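In order, the protein sequences belong to chains V and P. Quick note: the first sequence uses our numbering, first residue 14, plus one each step. Quick note: the second sequence uses our numbering, first residue 14, plus one each step.
Treat each hint with caution, since some may be false.
Intra- or inter-copy, both count: the list cannot distinguish identical chains.
As the list claims (entries may be wrong) - Below are the SDA-like pairs computed for lysine to any residue, each with C-alpha atoms no more than 25 Å apart in a straight line: (1) Lys302 <-> Leu79; (2) Lys363 <-> Ala267; (3) Lys363 <-> Asp229; (4) Lys363 <-> Arg449; (5) Lys363 <-> Arg80; (6) Lys302 <-> Ala288; (7) Lys363 <-> Asp386; (8) Lys302 <-> Asp386; (9) Lys363 <-> Ala424; (10) Lys363 <-> Asp209; (11) Lys363 <-> Arg102; (12) Lys363 <-> Ala228.
Source of the hints: derived by calculation from the structure; they are not laboratory data. Remember, predicted model here, so these are calculated numbers, not experimental data.
Protein chains: 2
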Amino acid sequence: MSGDWVSDANAALLTDLYQLTMLQAYFAGGMEERAAFEFYVRRMPARRSFLLAAGLEQVVDYLEHLRFDEAAVAWLASTGRFEPAFLERLVDFRFTGDVDAVPEGTVCFANEPLLRVTARLPEAQIVESRLINLMHFQTVIASKAARCVLAAGPRMLVDFGFRRAHGAEAGVLAARAAYLAGFTGTATVEAGRRFDIPLYGTMAHSFVQAHAVEADAFRHYIDCFRDNNTLLIDTYDTIAGARKVVALAEELRASGIRIGAVRIDSGELDDLSRAVRRILDNGGCGDTKIFVSGGLEEDQIAVLVEDGTPIDGFGVGTTLDASVDEPVLDCAYKMQDYAGRATRKLSTGKETWPGRKQIERHRDRAGRLLRDDVVLESDPSNGERLLVPVMRVGRRVAGLPTLAVSRELAARELAALPTALRSGSGQGRYEVRIARSIRALAEQLDQAGARSSP
Amino acid sequence: MSGDWVSDANAALLTDLYQLTMLQAYFAGGMEERAAFEFYVRRMPARRSFLLAAGLEQVVDYLEHLRFDEAAVAWLASTGRFEPAFLERLVDFRFTGDVDAVPEGTVCFANEPLLRVTARLPEAQIVESRLINLMHFQTVIASKAARCVLAAGPRMLVDFGFRRAHGAEAGVLAARAAYLAGFTGTATVEAGRRFDIPLYGTMAHSFVQAHAVEADAFRHYIDCFRDNNTLLIDTYDTIAGARKVVALAEELRASGIRIGAVRIDSGELDDLSRAVRRILDNGGCGDTKIFVSGGLEEDQIAVLVEDGTPIDGFGVGTTLDASVDEPVLDCAYKMQDYAGRATRKLSTGKETWPGRKQIERHRDRAGRLLRDDVVLESDPSNGERLLVPVMRVGRRVAGLPTLAVSRELAARELAALPTALRSGSGQGRYEVRIARSIRALAEQLDQAGARSSP
Chain V
14 MSGDWVSDAN AALLTDLYQL TMLQAYFAGG MEERAAFEFY VRRMPARRSF LLAAGLEQVV
74 DYLEHLRFDE AAVAWLASTG RFEPAFLERL VDFRFTGDVD AVPEGTVCFA NEPLLRVTAR
134 LPEAQIVESR LINLMHFQTV IASKAARCVL AAGPRMLVDF GFRRAHGAEA GVLAARAAYL
194 AGFTGTATVE AGRRFDIPLY GTMAHSFVQA HAVEADAFRH YIDCFRDNNT LLIDTYDTIA
254 GARKVVALAE ELRASGIRIG AVRIDSGELD DLSRAVRRIL DNGGCGDTKI FVSGGLEEDQ
314 IAVLVEDGTP IDGFGVGTTL DASVDEPVLD CAYKMQDYAG RATRKLSTGK ETWPGRKQIE
374 RHRDRAGRLL RDDVVLESDP SNGERLLVPV MRVGRRVAGL PTLAVSRELA ARELAALPTA
434 LRSGSGQGRY EVRIARSIRA LAEQLDQAGA RSSP
Chain P
14 MSGDWVSDAN AALLTDLYQL TMLQAYFAGG MEERAAFEFY VRRMPARRSF LLAAGLEQVV
74 DYLEHLRFDE AAVAWLASTG RFEPAFLERL VDFRFTGDVD AVPEGTVCFA NEPLLRVTAR
134 LPEAQIVESR LINLMHFQTV IASKAARCVL AAGPRMLVDF GFRRAHGAEA GVLAARAAYL
194 AGFTGTATVE AGRRFDIPLY GTMAHSFVQA HAVEADAFRH YIDCFRDNNT LLIDTYDTIA
254 GARKVVALAE ELRASGIRIG AVRIDSGELD DLSRAVRRIL DNGGCGDTKI FVSGGLEEDQ
314 IAVLVEDGTP IDGFGVGTTL DASVDEPVLD CAYKMQDYAG RATRKLSTGK ETWPGRKQIE
374 RHRDRAGRLL RDDVVLESDP SNGERLLVPV MRVGRRVAGL PTLAVSRELA ARELAALPTA
434 LRSGSGQGRY EVRIARSIRA LAEQLDQAGA RSSP
């Protein structure tokens, strides 16, 4: 799948200016040896006990299609910032490096390398901005969506958030990340088209308002959509709306048409769903489902589920698509080595662990997560290793998982979460050990640095 | 300016499924009279005393270019959800309605209509999802950026946030919204190309790390960029980094090359900037500026400015581009009337004020904001009215402001803020009165509704 954003002529310009100025300096200085960069999360957000890796497919798309077309090069030339020799190099510029990463849908934690680019320094550098932009956002959303999935259990979950997502790409990729994490589907049509995600939709309040009489709006809708229909009953009075649904169902019964579901978008969902359920059941609409929405967050879903409310499905919008409680991750894409020399950044509070790393996961007998070790890739293998080859010499390796396969992995991963991490509090913590080999390498670099410093 | 997203063949599919199902019902039922919908914010976020309207230019682009191309219609047909007669109508579907809105860069508040669409019902309805998606996001970011602008005063402010923006469009439009609000520029290259926003960039830590010796990285960079250069000095030790800059400047002085600025991206910026300033001044680099970055938020900028730290500019990234403290607005696009009949939604906590509305702004003699009245458009005019014609019969009206003009308006608007609203606490509140005429109309509708209810 090649997205319109990433195959766009200007995808190469979805970057920070300093990537281009550094690139010119690398080319000018002949600094084109191989470098390794790793993407990782520095620390867990307060309200997250685990993360769900997502966004890799879009990164691979971006890397495979990365090129500066004539228009982009001409525009860069017009800024007067760059040397002609550099701009000429851009014309043939391609990403020819390797990528190793944890598969999408994998449960992961802070300090774990989720993706490594190994490539000639200019190639590994220039991709930083867009690579973070893609990996960060979908990992934010998949991690948020996973919390909704744990809270909702087997109940239906539909992404309603496009309108308050941060732009078009965010809306479409949020639908993807949510589906990956276990959502049933989305309302976002373009996400359905692009990723083959099941689409769901009901009606807006404006539909009810456009009819002078609420019951006419219901009848009109059922007339157009005899199957698979959901009626929105809270525009004026939810209880009265439910009664109108029962009356309409009665009227339609002879023609064999049934009302699939009602939606409640406001008010006290606990009391309302019980009252509506009673009205529906007493009115012979026992198979009409109740769907709720309206600013729902996973904590509220968990309470409704624990209270045994008769709710069959949840629409989650704003809080999901903008991950309102934790809208960003403190993440980075940092150089691990260059030209065979391991490197380490020592900036206060942002120190990095050096070297090319792997995650080794330890599980109990039931397959539940016990502990992760972050080791050097060159350390002898001692467990399940999470980073796998994704791209070689600029091309994706064969057999990368489809979205459907990644979604199955996510379901298995969530099932394997230890109990402490399943709580919505986000307070559960998981042990990620930095291997002695990495600590030793860091110490060695620090001593060498101290010696060479003026 | 026609963006790639909105002129994209699939822009029409950037919508919620229910817009399409409702559209089919409207067409089938012959419900094509004119309707008015208004976009507004329901309540102010806790940490905002005012909002800055933004995103209108992209809405106009979207509405002007909205069409379902063959591929989109074919895909919709393939879902089996829609009637052939409906799909045929989509082929010629265009937005032919009117838009009135407050100009971009206008200070605004909750309960104020920021944009009104008046169009045949199907046209006014289908645009809801993308219209909110565009208006909401840029208003979120411009409102956040305005707080940074108030905090930073005359100091330079550059958007660094592309990597943690929610996707590509968010990164590019965040740069636009921040520039509109008064930022000096952005690091996002595509935003520079697309909107002619000044670009700024320095170097990454990886550039320093790629050189075995920090001073060599500085020398190499200056060699490539003799003007307009900024050196990042905190990779290993900020103080030592500053000393290396002084030594390099000394070395370069004979050739007439000077070091434009240093950047500090970590640590205690207050102490560090003072110490670095001393080192630079004592080393004859009095004209080398200090630029800081690293998770900065407007509150921190305000403290640094009030403390008189010798900082010349700020790079603001994540907290701006995802508006981390307030990532969303509780906003809506709601039907005000249909076929000449005013409408009102009564859902608990989400009641709407009916009718086509205007904002009348009252100012003191110095031009500072005093109070806004939300009135019916048909009420006699009694002050400065904020909504102006933007589109007529599907086309933009002549003379819409450019981004540069909107940026000047934003600057005047921020200058006209009452003192209470300028505080970073977001606790300042501004009076927005709902006119008696609107309350009377609402009461009239409620009584009519009570009478007609079963």
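Failing hints, ascending?
-> Checked against the structure, the hints that fail are numbers 1, 2, 5, 8, 9, 10 and 11, while the rest are satisfied.
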